[in-house]
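Once you have looked at the hints, place chains A, W and Z on chain V.
Chains as they are written, first to last, in our numbering: chain V, 232 to 574; chain A, 232 to 574; chain W, 232 to 574; chain Z, 232 to 574.
Treat each hint with caution, since some may be false.
Intra- or inter-copy, both count: the list cannot distinguish identical chains.
[Unchecked claim] The calculated DMTMM-like cross-link candidates involving lysine to aspartate or glutamate, where the alpha carbons are at most 25 Å apart (straight line), are:
1. K460 with D488
2. K264 with D488
3. K280 with D510
4. K460 with E503
5. K460 with E520
6. K460 with D510
7. K460 with D477
8. K280 with E257
9. K264 with E520
10. K460 with E494
11. K280 with E520
12. K264 with D289
13. K280 with D395
Note that these hints are calculated values from the structure, not bench results. These figures come from a predicted structure and were not determined experimentally.
Protein chains: 4
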Amino acid sequence: MADKELVIGQIGYGYWGPNLARNLSELEGVRLKYICDSSADRLSQAAIKHPQTGLVGDTGTVMADNAIDAVVIASPAVSHFSLCREALASGKHVLVEKPLCLDVRQGRELVGLAEERGLVLMVGHVFLYHPAVTFMREYIDSGQAGNVLYAYSQRLNLGRLRHDENCLWSLAPHDISIMLHLMQAEPESVSARGACYLRENLEDIIFCTIYFDGGQLGNIHVSWLDPHKVRTFTVVGTEKMLVFDDMVPDGKVKVFDKRVYREDGVPGYGEEFYLHVGDEVLPAIRMEEPLQAECRHFRDCVMTGARPVSDGRQGLRVLEVLDAATRSISQGGRPVEIGRGSC
Amino acid sequence: MADKELVIGQIGYGYWGPNLARNLSELEGVRLKYICDSSADRLSQAAIKHPQTGLVGDTGTVMADNAIDAVVIASPAVSHFSLCREALASGKHVLVEKPLCLDVRQGRELVGLAEERGLVLMVGHVFLYHPAVTFMREYIDSGQAGNVLYAYSQRLNLGRLRHDENCLWSLAPHDISIMLHLMQAEPESVSARGACYLRENLEDIIFCTIYFDGGQLGNIHVSWLDPHKVRTFTVVGTEKMLVFDDMVPDGKVKVFDKRVYREDGVPGYGEEFYLHVGDEVLPAIRMEEPLQAECRHFRDCVMTGARPVSDGRQGLRVLEVLDAATRSISQGGRPVEIGRGSC
Amino acid sequence: MADKELVIGQIGYGYWGPNLARNLSELEGVRLKYICDSSADRLSQAAIKHPQTGLVGDTGTVMADNAIDAVVIASPAVSHFSLCREALASGKHVLVEKPLCLDVRQGRELVGLAEERGLVLMVGHVFLYHPAVTFMREYIDSGQAGNVLYAYSQRLNLGRLRHDENCLWSLAPHDISIMLHLMQAEPESVSARGACYLRENLEDIIFCTIYFDGGQLGNIHVSWLDPHKVRTFTVVGTEKMLVFDDMVPDGKVKVFDKRVYREDGVPGYGEEFYLHVGDEVLPAIRMEEPLQAECRHFRDCVMTGARPVSDGRQGLRVLEVLDAATRSISQGGRPVEIGRGSC
Amino acid sequence: MADKELVIGQIGYGYWGPNLARNLSELEGVRLKYICDSSADRLSQAAIKHPQTGLVGDTGTVMADNAIDAVVIASPAVSHFSLCREALASGKHVLVEKPLCLDVRQGRELVGLAEERGLVLMVGHVFLYHPAVTFMREYIDSGQAGNVLYAYSQRLNLGRLRHDENCLWSLAPHDISIMLHLMQAEPESVSARGACYLRENLEDIIFCTIYFDGGQLGNIHVSWLDPHKVRTFTVVGTEKMLVFDDMVPDGKVKVFDKRVYREDGVPGYGEEFYLHVGDEVLPAIRMEEPLQAECRHFRDCVMTGARPVSDGRQGLRVLEVLDAATRSISQGGRPVEIGRGSC
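The shape of chain V in the complex, shown without the other chains:
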């Protein structure tokens, strides 16, 4: 469909929806035909910003319209599964906000359905389109960092408390998706512990540790009850160490030429270790709004048939980690293996 304009219907215009609609409507080769939301208030806000777009209160119009090539879903997570399924069943490509859905088996069904139909199913893991993450992925792929040994992140703030999901489901999908993207290994087991202080049964703080099948270790610390606003992601490789700090305006990634090596120059398990401490570099990375890159990537994947970076399978892997972490939390931190069924 290379020469055609991509016609999109967006479902959901709440917290994140306006950002999606703004980016979609400014994107070349795309027409945002509908914005759908059950709230009249939100639709009237959409009307101001998007006077050319059709505003509808239920999803039927969007699903039934054969002119619609793709559906963008930014509704509450609980509705993701049924909306995705309906859109895919209607032959429409899908970009769904994270998480893919709330249940691993349902996630597998969606992935299967998309592959069966030859449709793009993409999950809005927006950090995979952040120029800093793209830089780190390319740096690691190039081999310059050596083998990735471990990674850890902190995503902390005071506020944006959610009442419908805990801080794991609200904040950690970002870090899990980055970690899977950079680690290039499969998660094997998760141990997570958290605590609920503001509401019963809704964790405000979670520490989550992941073992990967190559021996790598990952740790994610998320909280919405913290004195600092922190968003850092550290990756330690055998040759270089990378730190991504999203709270600084420039120089978001720092590359440390630091490593431990044995006398013969091979990092490893000998008796005598030496520290190498070389230059630190803040590479010049051209910034753009990650959501803009995400929307463009979705358009391109639909147009060319390419597989999205954050395709359904990637979204499913994130979901599996979330699911395992949830079960671990409910068992006081017991490690939970990530079972992979056929998909």
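The following block gives chains A, W and Z in isolation, referenced to the frame of chain V:
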């Protein structure tokens, strides 16, 4: 023994020993009669700094000398139990470097022995004598922070790799001792995961989560394979949040007047939450070398019979957490309850 | 005119104009009737954002329209004098972007004209409406900082090079206006030195020192050829010291309880000095867009007849410092007295 | 005298003297034969640290001893001239603390005397031996920074107030020496302004601007009445910008790949400018105590006859700037040309 000079024999003059000897020898009311070390090299270094002190190659002289009131033990951790036991059995007060010893049952024996004999048994948890920690403890005790909800720390660096203990036993005793000191609750269970990259069976990075009996959560992240030198300790209370950053020269503690509250002003479990964001304060805290305060406190406790802040029981609690964490690590992060035997 | 809507015509829609128009159009009690600009391109941009506003290509319509109560001038500085004069002569209140104009005598004429006619003449020294500056002014007024001794600022960046004015006229008006506002003393003489590297006769870097009539000292360092983006303003008083850092997202003002005192507790000229180092406080300051506060203040002053914080006289004082600095620069840094004519 | 031990007598054991004595006594190939000080108290402190060194109360013994090859002078600045002259007249090499002396003509006399006698006259501008400054000098010499355009420094603190000299003579010699070293141009004129708040006639804060003969600009801001401890030095070249921050423990130098260029790639005076923003690099610089490098350099220069980096001529240039700045301050900032007489 208020008016007497305290006569001390020090055992061990390796990495930390010279710092102890320097502080002991400068302390009023104390005489450092012996320095004992099995290495002739180290003894000759001691001779330069402490020309007035007797230098001995084995511990027998120290233990047998009735003029010795107290023994300060800075030898490898594996020797702590037998040296402490011998010193206590000889009727001498003991200041032993952290950890108290390597085995919980042996730790209980030492605590019991000291209490039976009415001797001071103090463990060198030096951070409990750090002015910043003292400030935080007093601040929390005063009620200004409200109820402590959770705490977490990072103690990261590149290097000072140990070959005789993993990063848990090398680094985490500091954080565990601070956490127990500030949390004012008993640890109930530990879940810890780590990874060994530089040596087999010796963890370089560990993430360790502790549940306390008042519902508090603690997390400790230690590593000697990290790009940054970090030493931070964060405590979140219902009324205030405190951050201790030991890497800045001044303003090591920051008090955040931040909290989440319900509309009726009571922090809690309601439906509608508000954020309070008030001033941040960096209190003026008079700094002194923590080890100097520790040595002075040991002298005073021996002189007055007072119970040390880091007495044997406190050292034993740290040891119990280390022991539980070790067992958790070996089981891939399975939560391990901290069993308290009679002591 | 308390109950009436204030009808405004804006002249100039270049770099800063769109920000003004946005704020004016969102302000209650104000109607933005015209936007005037000589560029058709810029007018068509204005049309998108302000479909309700009349767009005109020359200023005559605005000046001639009796319904217009006030003119907001955001045109190039070279046109400020004649536009202000015409607007005032037409009986209209004026808010003019900084600088008031380019010539001290012309500035005096405008101030005289406004006062004669009883019209508001306000200069857009936007930093005087920055919540951090407001806080500092109130803090100093309250006496808590003691007597202000000296102040210095840095406003540095790479870029936004101007071709029509040097970095003094482009950047320093902000710092001069803040300094005059906080110092509460009259500038007596200026010594300034700069250098031109990118263009002939257009300074890229300037250091400017001001003596005030109460013995205070001020220094301003501006540059658009610097590796860092810096915007700091430091005020040292006898009792407290204040630092305003506009590049941090929160905690923009820091209050240092630091001072030097004599043994008898009186700061002064004795032989023996002591340092007092107390808490540092980052006061919680509610942020709002300074330009919004500026526009609201203009509206209120017109409505109530109050004298603006940055009225014509204040704008004239800034202009006098700029003028003296310009003459000092041209004479290699020779101190230039600020002559105050009758006004 | 390549194979001989260098025999040194040190005069002055006050604030800085103990650091010199420690470094000299630990330096291979050097024997510290005397420490001379007029205070019995200070000599008794010297006795503890330097039991092997002869302690004398007046300088005659040192000057008269033919075994003494070199004299190290760390006495008050007012005595530098006569002590240097006497030492040189006695045929001894001299390392004198900054400033060389207090009077330009006397400084010229010392330089002339040393050259006439073929003796080393070195001034203790210790920052020229700081690894960060050495790095910057080599970086600039290599051409990588392009042409140096301008430089500025801040040396601020609360305290170490002096009663015998103002903050210019106390603090600025460091920055002036670094600036002359990196700028590789001759200072032409100085404009300086300061203010005296704590003592009459003794400036606490000074801003000092220097024009160089290649069109470069330098600015120095020194203060001992400031809320922050700051020690930064920024150098802007046509190709790279360098910042030296001496208050951070690691990464003291940052190299910014930033510049402004014209469309044809040549930095210059065209109409259209572009910003280049590349990587930032914190080079790994092996740190050592600058004073140790300084003492070693003095030893080597005496041994080999090499000209010191901070020889008498360099010290004289610093003195000329200090002298011009002093005269400018006394005239309210009037620019003062640096007259170079025959030397």
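Homomeric proximity label, K280 with D395: Cα distance no greater than 25 Å: neither (28 Å within a copy, 37 Å between copies)
Copy assignment of K460 with E520, given that the CA separation must stay at most 25 Å: both (20 Å within a copy, 21 Å between copies)
Alpha-carbon proximity between K264 and E520, which holds within one copy, between copies, both or neither at 25 Å: within (23 Å within a copy, 35 Å between copies)
Intra/inter-copy verdict for K460 and D477 if alpha-carbon distance must be at most 25 Å: Both: 10 Å inside a copy, 18 Å across copies.
Identical-chain pair category, K280 with E257, by Cα at 25 Å: Answer is both; intra-copy 12 Å and inter-copy 16 Å each pass.
Intra- versus inter-copy proximity for E520 and K280 (alpha-carbon distance at most 25 Å): For K280 and E520, both the intra-copy (19 Å) and inter-copy (22 Å) Cα distances are at most 25 Å.
25 Å Cα threshold - placement of E503 relative to K460: For K460 and E503, the Cα distance is within 25 Å only across copies (22 Å; inside one copy 40 Å).
K264 and D488: within-copy, between-copy, both or neither at 25 Å Cα: Cα proximity of K264 and D488: none, with 50 Å in one copy and 46 Å across.
Intra- versus inter-subunit Cα pairing at 25 Å for K460 with D510: Only across copies: K460 and D510 sit 16 Å apart there, 28 Å inside one copy, limit 25 Å.
Alpha-carbon proximity context of K264 and D289, limit 25 Å: within (14 Å within a copy, 40 Å between copies)
Up to 25 Å CA-CA - E494 versus K460, copy category: Classified as between: cross-chain Cα gap 24 Å, same-chain 41 Å, threshold 25 Å.
K280 and D510: within-copy, between-copy, both or neither at 25 Å Cα: neither (48 Å within a copy, 37 Å between copies)
Figure legend: structure checked against the earlier numbered hints; hints not met, in rising order: 2, 3 and 13.
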